[in-house]
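**Q** Below are the chains, spelled out letter by letter.
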Amino acid sequence: MKLFDAISELPERPVLPLMGYPGIAATGNSVANVLTNRDPHIESLAFLEDRYHPPCLFHVMDLTVEAETLGLEVRFSDEGPPSVVNHPIGTLEQLGSLSVPDPRKDGRMQLFGDVVSRVAMRIDGMMGAYCVGPFTLAAELCGAEELAVRTITDGGFVKDMMSFTTLVCQAYARAMAAVGARVVAILEPTAVILSPDSFQKIVLEPLRSIAAAIRDRDGCPVLHICGDSTHLLGGMASSGVDGLSLDHPVDLATALEAVPADMLVIGNVDPVGVMMEAEPAAVTEVARSLIERFGGKQNFVLGTGCDLPIETPLENIDALFAAAK
Amino acid sequence: MVTSHESAGILDDIRAGVIAGDMDSVASLTETALASELEAKTIMDEALVAAMSVVGDKFERKEYYVAEVLISARAMQASLSLLKPHLEAGKVEPLGRVAVGTVAGDLHDIGKNIVGMVLTGAGLEVENLGVDVKPEAFVDAAARGAQVIGMSSLLTTTRTVMATVVSLLAEQGLRDKVKVVIGGAAVTEKFASEIGADGYGTDANEAVKIVKSLLGV
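Residue numbers (my numbering), protein chains in the order written: chain A, 1 to 325; chain B, 1 to 217.
Source of the hints: derived by calculation from the structure; they are not laboratory data.
With the C-beta cut set under 7 Å, the calculated list includes, among others, these residues of chain B facing chain A:
id, residue
1, V66
2, A67
3, L107
Derived pair list, reagent style DSBU-like, types lysine-lysine, alpha-carbon separation capped at 35 Å:
id, chain 1, residue 1, chain 2, residue 2
4, B, K41, B, K62
5, A, K201, A, K297
6, B, K190, A, K325
7, A, K159, B, K58
8, B, K62, A, K297
9, B, K58, A, K201
10, A, K105, A, K2
11, A, K297, B, K190
12, B, K177, B, K91
13, B, K177, B, K190
14, A, K2, B, K62
15, B, K209, A, K201
16, B, K190, B, K209
17, B, K62, A, K201
Bear in mind the structure is a predicted one, so any value in this text is a computation, not a measurement. Where is the CB? At the ideal position from N, CA and C, for every residue including glycine.
Take the sequences, apply the hints, and build the full model.
**A** Given below as structure tokens:
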């Protein structure tokens with residue numbers, strides 16, 4: 001079943017915020033502890049499930065899981081998301097030394113799969129999982145600036161790099177769907193730096209094949225790109241996913257025109273300027289205005305533009321859910 | 001000695017090379033231009049700064065994206081590093097001095113690097129302090145003569161470092177001597193005004209406009 005159909009069957013207007021981090025703060029855990037241990041991770045998701053019963057509950061976002069499993073050094077923090085420290089894969093020879101991990105056994109891929117399979121069994125709604133996008137993983141391996149330059153100067157390297165990262169993403173995304181993730185969101189933030197033409201040439205086919213891998217296991221693929229992805233909407237709309245999760249700089253009217261009527265457009269309350277910094281009344285106002293403008297479209301789903309910062313007041317998330325009622 | 005016609009031709013070629021992002025040809029043309037006794041300052045102003053202004057316009061019109069800006073900026077840097085000894089010998093003053101960095105705890109570098117390169121292309125002298133930059137390092141840069149401190153943050157958990165830098169600058173008696181501008185996904189106009197920053201921008205082109213206007217150049 002496509003995500004559009006699953007969402008259409010819900011009795012209430014759905015709200016799909018990306019909100020793992022405030023759940024960590026609410027349960028008094030440290031980010032590093034949650035991202036490296038199963039039970040604290042499940043505890044923070046249980047908090048969010050009990051408070052919001054979202055139509056789709058995603059695990060905590062971590063864009064370093066795949067890179068770390070491939071052997072890259074990751075720096076954790078108690079308060080915020082982890083980061084990849086070095087980007088050592090600069091040559092085809094170094095790339096050749098890497099192999100596609102087994103998500104059922106290797107690194108934190110296995111850990112996140114375990115969290116997803118356990119949480120999926122105990123929640124009301126759909127379970128959501130994340131996997132990093134192939135271009136973003138490539139940037140983690142060789143450095144974003146280096147990768148950006150090589151999209152123009154060294155197409156052969158980028159092609160081989162993308163072939164490898166696509167295999168990694170396919171394996172992980174397929175495994176997440178297999179253990180119970182009904183929705184798998186492909187997080188491809190680094191692609192925002194590409195021209196529409198480069199996106200078509202470099203990222204589109206890899207995304208389609210990852211989306212197909214998710215469908216193989218009855219999952220629904222969603223694509224998220226941070227920032228102003230307006231120039232990529234045409235490509236994103238043909239990436240074979242069920243929905244696009246769009247950040248606050250994107251005009252959803254433009255997005256809704258760019259996608260087929262059964263492709264969801266999820267967004268796009270500003271995660272920092274509104275959700276984190278503003279008062280609940282302002283959240284209500286922004287959310288209601290989105291509903292007023294786009295609520296008539298069956299494929300519009302109210303959500304946040306991006307993952308909510310850990311400092312986001314729960315009252316603001318309450319206000320977002322309440323606005324849809 | 002080159003004729004003015006020949007020198008105009010080589011400046012055109014350097015300019016076109018920077019716009020196309022052809023680093024190798026820009027470097028060799030710069031060497032030829034210097035050997036033919038063209039002034040380094042002329043090459044900088046009439047070829048490099050002019051080219052990066054075109055690149056900035058193309059970025060604003062969405063003809064160029066980050067990758068295109070990066071290869072143009074790298075070509076410009078290749079030329080600039082050849083010009084630098086001549087500019088220093090001739091005591092040519094830059095339009096202004098800027099230090100940019102991503103704040104402590106944050107390892108994102110591409111946005112900050114683009115801002116740095118585009119500012120360089122606009123004729124400013126830019127010191128890139130890197131990522132994960134401690135507050136003291138920004139203050140030291142101001143003490144060394146930076147007139148503008150540019151800070152980037154993509155994680156809300158690290159943006160508080162920016163407020164620390166502003167107060168440290170005040171403690172050291174440097175706040176009046178330096179302008180503070182911030183950017184990155186974790187910051188907003190509201191936050192900029194709360195911490196007492198002088199400017200906030202959402203992309204590299206805005207950064208150039210804000211910095212130039214703060215410096216009055």
